[in-house]
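Given only the sequences and the hints, what does the whole structure look like? Please build it.
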Amino acid sequence: MPRLLLLDGHSLAYRAFFALPVENFSTATGQNTNAVYGFTSMLVNVLRDEQPTHVAVAFDVSRQTFRSEEYADYKAKRNKTPDEFKSQLPLIERMLTCFAIPFLKVDGYEADDIIATLVTDALADSDDTEVLILTGDRDSLQLVTDRSTVLYPMRGVSDLARMTPAAVEEKYGVPPHRYPELAAIVGETSDNLPGVPGVGAGFAARWINTYDGLDNVIAQADQITGKKGEAFREHLGDVIRNRRLNALVRDLPLGVTIGELARSDWDRAEALALLDELEIRGELRTRILDVVAPGEDEPVEAGVELDGVTLGPDEVAGWLAETGADPVGLHVGGTWGSGTGRVDGLAVALADGRAAYVAVEGLSPADDTALAAWLADAARPKVLHDAKGPSLAVAAQGWQLAGVAEDTALAAYLVAPDQRSYALADLTLRYLHRELEQSADDDQGMLFDEGDTTARSAMVAARAALDLSVELADQVERAGGHRLLTDVEMPLVPVLAAMEQTGIAVDVDHLESLESHFGEEVRKEADEAYAVIGKEINLGSPKQLQVVLFDELGMPKTKRTKTGYTTDADALQGLFATTEHPFLAHLLRHREVIRLRQTIEGLLKTVQPDGRIHTTFHQTIAATGRLSSTEPNLQNIPVRTEEGRRIREGFVVGPGFESLMTADYSQIEMRIMAHLSEDALLIEAFRSGRDFHAETASRVFDVDPDAVTSEMRAKIKAMNYGLAYGLSAFGLSQQLGITPSEAGGLMDEYFETFGGIRSYLTGVVDEARRTGFTETIMGRRRYLPDLTSDNRMRRESAERMALNAPIQGSAADLIKVAMLRTGAAIEAAGLRSRILLQVHDELVIEVAAGEREALEALVRTEMAGAADLTVPLDVSVGTGLSWHEAAH
DNA sequence: AGGCCGACGTA
DNA sequence: CGTACGTCGGCCTT
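Whatever position you read off the first sequence (first residue = 1), add 965 for my numbering.
Treat the hints with care, as some may be off.
[To be verified] Label-pair distances were calculated between CB atoms; the ranges are: (1) GLY1224 with GLN1188: 47 to 53 Å; (2) PRO1521 with THR1300: 52 to 58 Å; (3) GLY1445 with THR1062: 26 to 32 Å.
Just so you know, the hints here were simulated from the structure itself, not pulled from any lab data.
Using N, Cα and C, we set each Cβ at its ideal position, and we do this for glycine too.
Structure below.
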């Protein structure tokens, strides 16, 4: 039986907006989501509970309707629609698009009129259609019949009243078709339709019933006695107007048939992406995924046909021989991390649908030889998803992986670098519109045990990688990322794999003694802090600290956080400056040393049996193109403080090598800015080769370079560094401890001097707003749709990202090229030295005996030559027995 | 056990 | 009210 569900999108979203506290529903970027959340929740619940076969959502277009034309004050008393609400309507529409639910708007009419038209059509169309109307607008009660029911939200967004004819009559004392007559008499505050003063629903209903309808009440108005009758006669005009305005239009030309509102497949991948974007997780996410789509467990498209075999002993060579020279999908089953791994099995998929799986266990010697040769054969092109891990596992198995023609994870990253995950299953859904795994019950009927399942999913994955590579190659090409992929990102994979494999040697004894040294001090500071306040609290708990600082010690409140008042170092410093309370001194010192101790502890835990730390570099995490490092993160080892640098003493040259070398770019980001902005003065400042910050300070303050004071230099240095981040006058003032207006003045003078910078920065944002993306020197894109957001926070945040992305990203391009060149040059020169780490603008290299000089020359050449900019790329190099000593 | 938040380390 | 990250402990929920 057809069951049509109609929703009043605007009224429901508006209710949700006020029912849910806005501060609990917003994303990291400041987009409010309370209305989206509440609306979606109501929608999903009603889909689940009512199982409609047809659905549509109606929206208002604007306040201007035929009603406001007719009666200028219609809805005039309403407060201005908040921007925080308006910005959520497009999101709701996007959500509906993902759910494949049609939504309708008609200029000059309200959502109610659209719903009234659809109800009328649906009931006329067939005799057995049932209609449900979910709305927060009582005018719709006039649409209730024995086949159409209004679901009216009671409180919040969870309780719905089921308004059948009996329920309407019970509540208002009149049948549904008479409800607008009653409303005309009583009036509707929210629409600014005044009714008859002193007449409530009770009296109105009695009149309507007694005289059989409003028309008769009006006709016989003079028979109504008393004050209320008098008031009615006096406001008769209002009543008639109200009745005219609250009648819903039932014959709008909508251009859709009820049949077109039948539920259809949703775009699950798009929906998932939107849920991610809106940070909708947890219970609602589950509920949505469970409820929204009919047949949500089935693949969006049928999975591919796979002609798969599991190869037995001595079958490998023969099968591989048949594969030919076309690219194949390769999936490595196994585990990897910390520079090593293990292969359990390999699956190869061909474009024609054939696939094979081979388990490592039980390989015959002949199989092993054939497989090793095939894997290492660069002339046998292979497509892998995220090849670095597999190549580590393959290497640990004693084989070598060559001929990687495409890495689908890297391709997807270049196409859309802001994704949080590039999991094969997500990409398969997103780009191939099919589920990666077929559900267990539609297995081919021949695969039963666990091993077969492993084999099958490996082959499916290999096939997905192969199919994805075709689709993504196209997308990469269109995004202008082809060269970046083939010349930079893919060649970088083996370089990173080698770095992870090598690891960096650690002086465990040194770190352990440092750890106990800081541990001692942690205890001491904690004890002293407890003594001051006369009790023991958890100094690491911001919550407990707030009680002590603001309640018990009565200190002035600091900046607010979501959960109270901040106790961060800056704020504590500020409190100490005003109160000089000794507790604060101990607390700050405690924070400092406990952090140092934790850092060391974390590092020690990751030292492998070979005495080295093998971090993992991630190539698809940072939206700007940078690498990231985990387990442990070796890109944030302390360096700013004396004590922090002692940790760097723990990273040392390994046995068989002579020293560590660090090589870093100086002021890489400012140099890139000079190049991109073509600001003549800035370029000159770099070409002069003198102290850059002093040089620029002398320009801004218009003094001789010799006359630049350290204060002037510090200000301009902060300015130089802040520029690429979209620094504000406020931010600069905070950092320099000056007033915002002084900081603003400084910025003005700076831009006055370096006009090219200003025009470059504004140009970058304008261009990005126009094209939708920013671009680095090598064409790496970052898409920033929020640049046109009507939410100020979101928009301005996107603007700062747009300023920063080309600069940070170009620097990332450069050092990646430098790594490739350096690695290749080391090999070409036959040196044994090896790259260990990359820290964004710095390389750490382990120097083999006797190679220091040659290596230094080589590294300088290759790093400086990574790009041809209008300013020189200055590289500074240092060597020593530890990372600390190698600094310069 | 898993997720969020505040705090803080790096470039 | 400054970009890009990763990690930790506390604390809350499941």
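Verification of the supplied hints:
For the pair GLY1224 and GLN1188, the supplied restraint of 47 to 53 Å holds, since their beta-carbon distance comes to about 50 Å. Range check, PRO1521 to THR1300: Cβ separation about 53 Å, and the 52 to 58 Å hint holds. A C-beta distance of roughly 28 Å is found between GLY1445 and THR1062, which places it inside the suggested range of 26 to 32 Å.
Taken one by one, the earlier hints all hold for this structure without exception.
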